[in-house]
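Protein chains: 6
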Amino acid sequence: MPIDQTRKQIADAAVEAVFGIRLTTDALPGEPASAAELREKLMTQAFADSWTRTALDQKTRSLITVAVIATLGSDRELRAHVGGALKLGATPDELVDLFIHLGAYIGAPRAGAGWAVASEVLVKHAKRTKDASQ
Amino acid sequence: MPIDQTRKQIADAAVEAVFGIRLTTDALPGEPASAAELREKLMTQAFADSWTRTALDQKTRSLITVAVIATLGSDRELRAHVGGALKLGATPDELVDLFIHLGAYIGAPRAGAGWAVASEVLVKHAKRTKDASQ
Amino acid sequence: MPIDQTRKQIADAAVEAVFGIRLTTDALPGEPASAAELREKLMTQAFADSWTRTALDQKTRSLITVAVIATLGSDRELRAHVGGALKLGATPDELVDLFIHLGAYIGAPRAGAGWAVASEVLVKHAKRTKDASQ
Amino acid sequence: MPIDQTRKQIADAAVEAVFGIRLTTDALPGEPASAAELREKLMTQAFADSWTRTALDQKTRSLITVAVIATLGSDRELRAHVGGALKLGATPDELVDLFIHLGAYIGAPRAGAGWAVASEVLVKHAKRTKDASQ
Amino acid sequence: MPIDQTRKQIADAAVEAVFGIRLTTDALPGEPASAAELREKLMTQAFADSWTRTALDQKTRSLITVAVIATLGSDRELRAHVGGALKLGATPDELVDLFIHLGAYIGAPRAGAGWAVASEVLVKHAKRTKDASQ
Amino acid sequence: MPIDQTRKQIADAAVEAVFGIRLTTDALPGEPASAAELREKLMTQAFADSWTRTALDQKTRSLITVAVIATLGSDRELRAHVGGALKLGATPDELVDLFIHLGAYIGAPRAGAGWAVASEVLVKHAKRTKDASQ
Chain U
0 MPIDQTRKQI
10 ADAAVEAVFG
20 IRLTTDALPG
30 EPASAAELRE
40 KLMTQAFADS
50 WTRTALDQKT
60 RSLITVAVIA
70 TLGSDRELRA
80 HVGGALKLGA
90 TPDELVDLFI
100 HLGAYIGAPR
110 AGAGWAVASE
120 VLVKHAKRTK
130 DASQ
Chain A
0 MPIDQTRKQI
10 ADAAVEAVFG
20 IRLTTDALPG
30 EPASAAELRE
40 KLMTQAFADS
50 WTRTALDQKT
60 RSLITVAVIA
70 TLGSDRELRA
80 HVGGALKLGA
90 TPDELVDLFI
100 HLGAYIGAPR
110 AGAGWAVASE
120 VLVKHAKRTK
130 DASQ
Chain G
0 MPIDQTRKQI
10 ADAAVEAVFG
20 IRLTTDALPG
30 EPASAAELRE
40 KLMTQAFADS
50 WTRTALDQKT
60 RSLITVAVIA
70 TLGSDRELRA
80 HVGGALKLGA
90 TPDELVDLFI
100 HLGAYIGAPR
110 AGAGWAVASE
120 VLVKHAKRTK
130 DASQ
Chain X
0 MPIDQTRKQI
10 ADAAVEAVFG
20 IRLTTDALPG
30 EPASAAELRE
40 KLMTQAFADS
50 WTRTALDQKT
60 RSLITVAVIA
70 TLGSDRELRA
80 HVGGALKLGA
90 TPDELVDLFI
100 HLGAYIGAPR
110 AGAGWAVASE
120 VLVKHAKRTK
130 DASQ
Chain D
0 MPIDQTRKQI
10 ADAAVEAVFG
20 IRLTTDALPG
30 EPASAAELRE
40 KLMTQAFADS
50 WTRTALDQKT
60 RSLITVAVIA
70 TLGSDRELRA
80 HVGGALKLGA
90 TPDELVDLFI
100 HLGAYIGAPR
110 AGAGWAVASE
120 VLVKHAKRTK
130 DASQ
Chain V
0 MPIDQTRKQI
10 ADAAVEAVFG
20 IRLTTDALPG
30 EPASAAELRE
40 KLMTQAFADS
50 WTRTALDQKT
60 RSLITVAVIA
70 TLGSDRELRA
80 HVGGALKLGA
90 TPDELVDLFI
100 HLGAYIGAPR
110 AGAGWAVASE
120 VLVKHAKRTK
130 DASQ
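As they're listed, the protein sequences go chains U, A, G, X, D and V. The opening residue of the first sequence carries number 0 in numbering that gives the first Met the number 0; numbering runs sequentially from there. The opening residue of the second sequence carries number 0 in numbering that gives the first Met the number 0; numbering runs sequentially from there. The opening residue of the third sequence carries number 0 in numbering that gives the first Met the number 0; numbering runs sequentially from there. The opening residue of the fourth sequence carries number 0 in numbering that gives the first Met the number 0; numbering runs sequentially from there. The opening residue of the fifth sequence carries number 0 in numbering that gives the first Met the number 0; numbering runs sequentially from there. The opening residue of the sixth sequence carries number 0 in numbering that gives the first Met the number 0; numbering runs sequentially from there.
Treat the hints as calculated values from the structure; they're not laboratory data. Treat the hints with caution; some may be incorrect.
Straight line, CA to CA, 35 Å or less: simulated DSBU-like cross-link-like pairs of lysine-lysine [what the hints assert, rightly or not]:
(1) V:K126 x X:K58
(2) G:K86 x X:K86
(3) X:K86 x X:K123
(4) G:K123 x X:K58
(5) V:K123 x X:K7
(6) X:K126 x G:K58
(7) G:K123 x U:K7
(8) A:K58 x U:K58
(9) G:K86 x X:K58
(10) U:K123 x V:K123
(11) A:K7 x V:K7
(12) X:K129 x U:K7
(13) V:K58 x A:K7
(14) D:K7 x G:K129
(15) A:K58 x U:K7
(16) X:K7 x D:K7
(17) A:K123 x U:K58
(18) V:K7 x X:K7
(19) A:K58 x U:K86
Looking at chain U on its own, in the form it has when it is part of the complex (with noise of 0.2 Å):
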């Protein structure tokens, strides 16, 4: 069934609210248009379907993205959620918290991998704050 264009929007608003950023559905061109109602369907499954909801602070939520993420071992959206819960009030010691964590329970190498990204992350965070702040 198609998207119904309210759960698009309130998909909309709460990727804002995580990433600070709208990301956008459309079909690249090559893509068939159908690619689009894929963006949308991934978007909302996790968007309107899970992040709208409230028993879970927005901030845990996204402390357990990461560790799911890191678990997964799918680097390109972990660093897209490392930097969504600086956003949300996360601290760099609860990252490193969170991955000492892993290390005990997915193992040193998976959990050392996701570091690295995360690293990564927080590293240009911290550059970036250095540098407004000056």
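Following the hints, complete the assembly by docking chains A, G, X, D and V onto the known chain U.
Below, chains A, G, X, D and V alone, put in the same frame as chain U:
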């Protein structure tokens, strides 16, 4: 290298804070004596090295643990940690939010299988709470 | 956001077309009321958002589902979807070909474990068909 | 045991039918000579033992392959098999449906990562088709 | 392509060397006849193509097999291969070392779940050995 | 709990025995200071708690590590540990046998992807050995 007794005692205390019980690490009859070292290492890796940290609070760490173990699909550990999450102050509604999130991030089959395990723990917990209040 | 009733009804119809049954999404006694929303979301994510599409035919989508769930190793879901595949017109020989393919692509242990589940469904199905024809 | 030449030739033909190219299995300079046997075994395992079967048609087997490899997250193999799927008659819209299905069954991060790879192949394919028709 | 009888016989002999038993590959009543080919392929893929090689010794290959299957989480296969490892000369202490290593590399939950399976095999083996010596 | 210096030194020595180098665990500029503790924990978990054990010899443990990390799909760690395996006495032919085994047990795509990484290490190693002997 052998587990030093301080690490072991710290892990014992952390296990008790999460699960409300002491875990034995003794070798079973028929196992080699070194099986005790295996159990100590698995326990200290998680409970001395990670659960003792303080940047993340214990309830958040517990919710992260539930999410990661559901992603790995280890049912017995999941059962224990859903109980731990309730003990550390997570509510059933927070656990529902967590598994809705997993539906989006790891897919319906694994999220549904994880919820089946979590649900059993919640149902028993509700029954115990009800019995205790009568 | 809540599941709207149209999505729910569309998912109900798609579930019935695949499995021949209605699935309840009600919360169990002892679960929080929000568990119904979790079940609705897992169901609509798959059955309103994907099974209703028409570029792939239902039998092909069903075979893909069996292959993916065997790769994930979710036995309960696998059992249901092997039954669904038979209902949607897949033959036992097609399922054998699928698991031979999985042997090459995900390795013998997972393919063999998946076949053990699929075989149980086929054997029951063969027995039912035979009984019905007597 | 060594690969017999008949199996090797059957696999070569099946590879050519799927990808439109011959794959060499020769050892690279610096690899041990036995690396050729490794490549032959990986190739015959898939292409002599499975792709030669006839209960599933090749297009369906190809779509199943794309779904399974996206679930495993092996990008290089995914790229090759999305190309193979197009060669065997799958349409871009069928691939969109497949990745929408993966969104529901393996979660948005892995489905999105897989689509990013598939999309590159589709975009190049569209460009080549357009250039060829001018 | 069909399994040739030479490959099948070589695999039979390798299975017997690892597990001490013959495995039937016959189709079960209610399975299609082609299920025999599936079982033959899964068996020859491992036992004709790999276990017959000689660069690695059988005990080392067996320990590697145990480690990989514990990582995949396939319990039934793990049980068989822990038995195989003991038959091929691995000691219980070597298996303890292997699962301590898995604790570090795949995390405590999966290593602990794998050890639970391995431990059952060791305990039965110790009992059998003790009974036999009385 | 903090890493005690004895565990750290033991891990340093074990890392040097496997990889021939010292690994720094210092926090990078822009990372929080606690990142050093994360690196120490990931390192001691593997190198103080497991690599120091003596029931398995180091070459066997190294081959097991390569197999497990190829199964997890962590390329950077795989590269390091293939180098480690060569340093600890594994031969290129043994690594070929290992990846043929993985073909059967984890499937051709992951075994092939792992071999692509291992092959790069072997080719460089062959070149260095050849250069050194001239």
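To see whether the hints hold, each was checked on the structure:
1. V:K126 x X:K58: Outside the cut-off at roughly 43 Å; violated.
2. G:K86 x X:K86: Given that 35 Å is the threshold and the Cα spacing comes to 30 Å, the pair holds.
3. X:K86 x X:K123: At roughly 13 Å apart (the allowed maximum being 35 Å), K123 of chain X and K86 of chain X satisfy the hint.
4. G:K123 x X:K58: holds (29 Å)
5. V:K123 x X:K7: holds (29 Å)
6. X:K126 x G:K58: The hint holds at about 31 Å.
7. G:K123 x U:K7: This hinted pair is violated, its Cα atoms lying about 44 Å apart.
8. A:K58 x U:K58: holds (13 Å)
9. G:K86 x X:K58: Holds: K86 of chain G and K58 of chain X sit about 21 Å apart, inside 35 Å.
10. U:K123 x V:K123: holds (33 Å)
11. A:K7 x V:K7: It holds: about 18 Å lies between the C-alpha atoms, which stays within 35 Å.
12. X:K129 x U:K7: holds (33 Å)
13. V:K58 x A:K7: holds (30 Å)
14. D:K7 x G:K129: holds (33 Å)
15. A:K58 x U:K7: Roughly 32 Å between the alpha carbons, so the hint for K58 of chain A and K7 of chain U holds.
16. X:K7 x D:K7: With Cα atoms ~17 Å apart, K7 of chain X and K7 of chain D stay inside 35 Å; holds.
17. A:K123 x U:K58: holds (29 Å)
18. V:K7 x X:K7: Given pair K7 of chain V, K7 of chain X is violated - Cα atoms ~51 Å apart, limit 35 Å.
19. A:K58 x U:K86: With a Cα-Cα distance of about 21 Å, the restraint between K58 of chain A and K86 of chain U holds, given a limit of 35 Å.
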